[in-house]
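Asker: Here are the chains, one letter per residue:
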Amino acid sequence: MTASGTPEETGPLLRVSSVTRYYGPIVGCRDVSFDIWPGEVIGIVGESGSGKTTLLSCISARLEPTMGTVEFRSRAGKMTDVYRMSEAERRFLMRTEWGFVHQHPRDGLRMGVSAGGNIGERLMAVGDRNYGAIREAAGDWLHRVEFDVGRIDDMPTTFSGGMQQRLQIARNLVNGPRLVFMDEPTGGLDVSVQARLLDLLRVLVAELRLSVILVTHDLAVARLLADRLMVMRRGEVVEAGLTDQVLDDPQHPYSQLLVSSVLQP
Amino acid sequence: MTQALQVRNLAKTFVLHTQNGVHLPVLDGVDLDVRAGECVVLNGPSGAGKSTLLRCIYGNYRADSGEILIRDGDEIVDVASAEPRRIIALRRATVGYVSQFLRVVPRVTTIDVVSEPLRMTGVGRAEATERAADLLTRLRIPERLWNVPPATFSGGEQQRVNVARGLIVPMPLLLLDEPTASLDAENRKTVVEIIRSTVAAGTAVVGIFHDAEVRDAVATRLVDLQPVAKAAA
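Chains X and Z supply the protein sequences, listed in that same order.
All the letters of the first sequence, read from the start, carry residue numbers 12 to 276 under our numbering.
All the letters of the second sequence, read from the start, carry residue numbers 48 to 280 under our numbering.
Keep in mind that the hints were calculated from the coordinates and are not lab data.
For glycine and all other residues, C-beta sits at the position ideal for the given N, C-alpha and C.
Any given hint could be a false lead.
[Unchecked claim] Now the stretches of chain X that chain Z is said to cover, found in silico as 3 or more residues with beta-carbon under 8 angstroms:
1. 168-179
2. 202-209
3. 228-241
[To be verified] Each pair of labels, with its calculated beta carbon distance range:
4. X/G199 - Z/K236: 47 to 57 angstroms
5. Z/E260 - X/G172: 50 to 60 angstroms
6. Z/S128 - X/V273: 22 to 32 angstroms
Chain X with its partners taken away, still in its complex shape (with noise of 0.2 angstroms):
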């Protein structure tokens, strides 16, 4: 729920049901349901293998689900299937409303494209084609990132992991996405280029409102952005609830493993 109550506030943005993907006869993930509404921040956590990533690929209009469906809201107001709309509307979904922020920057971002040319891009596949604007929008969303400003001609190959991770989030927000993923963001950092990106991802979704999917398996990250934590285990969500619920009186045995075995989460 977001602080003014936007217009948006009408219903869930983001509807999972009984979603099921197996991979033969391995279960990926189990009959997962949530809803995410505008402005919330839902974290999964869990070990690896636990199921997040499928999860992710499945409710981001990647990996199509053996069983359930994923209903997004159009700005409109009306819910529609993912995985039944036509490739072209699905792709266009994903380039205008969705983003999604890989743990690697080097999977979301083109390392032979400059850093301008990463953003820009962006726009320009929405049908931008004011170059003046497009680069303007390019510093500017630099700068909200904390880079240089004099580095937009740069190649992402010459900057640094957590500058290439700032740069990918850059490239995912300047279309105004309503819904981002992310999975483990700040998996490959140094803590403390982690705890620089944590700050800035916190700001920016307070201040654009996003609704934002969090996959991570630091409780740490999930108590700093998620607003609402589900723990999965073995490909099923075994609890889900208010974040600081999860993590200070958490109910199921795994849960309870999961934050008694991590320091001061």
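For this one, chain X is given, so just place chain Z on it according to the hints.
Answerer: Structure of chain Z alone, referenced to chain X:
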């Protein structure tokens, strides 16, 4: 006077699955009524469940059974059964909670830590910063520290920053868990004054204060809480 909080037959048992499933009953059949403009201080020995009760009211701990009814404008919300997003909305402008410890966010300056809850209610940055500066001044946090993250502050300083953050938004219901625990006499007095004026302005307060002097200075009523009789497990 308006009923701000009604707790009905609240029960809470911790089940520690990592400790062979041991059951620790903490609250059983707890009732509590708090009206606007009251400061109810929970009284009872260590282990009576005072902090657990506050955390249940805030939605931080999950109630096993019973009701926790909080007035939110014209609506009554049962925290024991409400959706997470309803509880988050409740925390934004209706229920405040101040614990003994500040949870610091990397890189965020003290002034922003304090003003953030007010900004989240839609108040502009300039006004929120001004209110934060007022509170920090009253709580004797020197101005040179305002633009530094509080991570390196002393325990007493962090606690005062936490009090400022917890009190910046005028909430109809305020939960205080030992907000004066590590403060010196002068700062304790300031916090007592702030709590008293908050109560006088109509806020309902439920608090835990071990210091008898502070308790006597703020309480309009004491409520006893006793440890749950050992269940035959």
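Asker: Can you list which hints this structure breaks, lowest number first?
Answerer: 1
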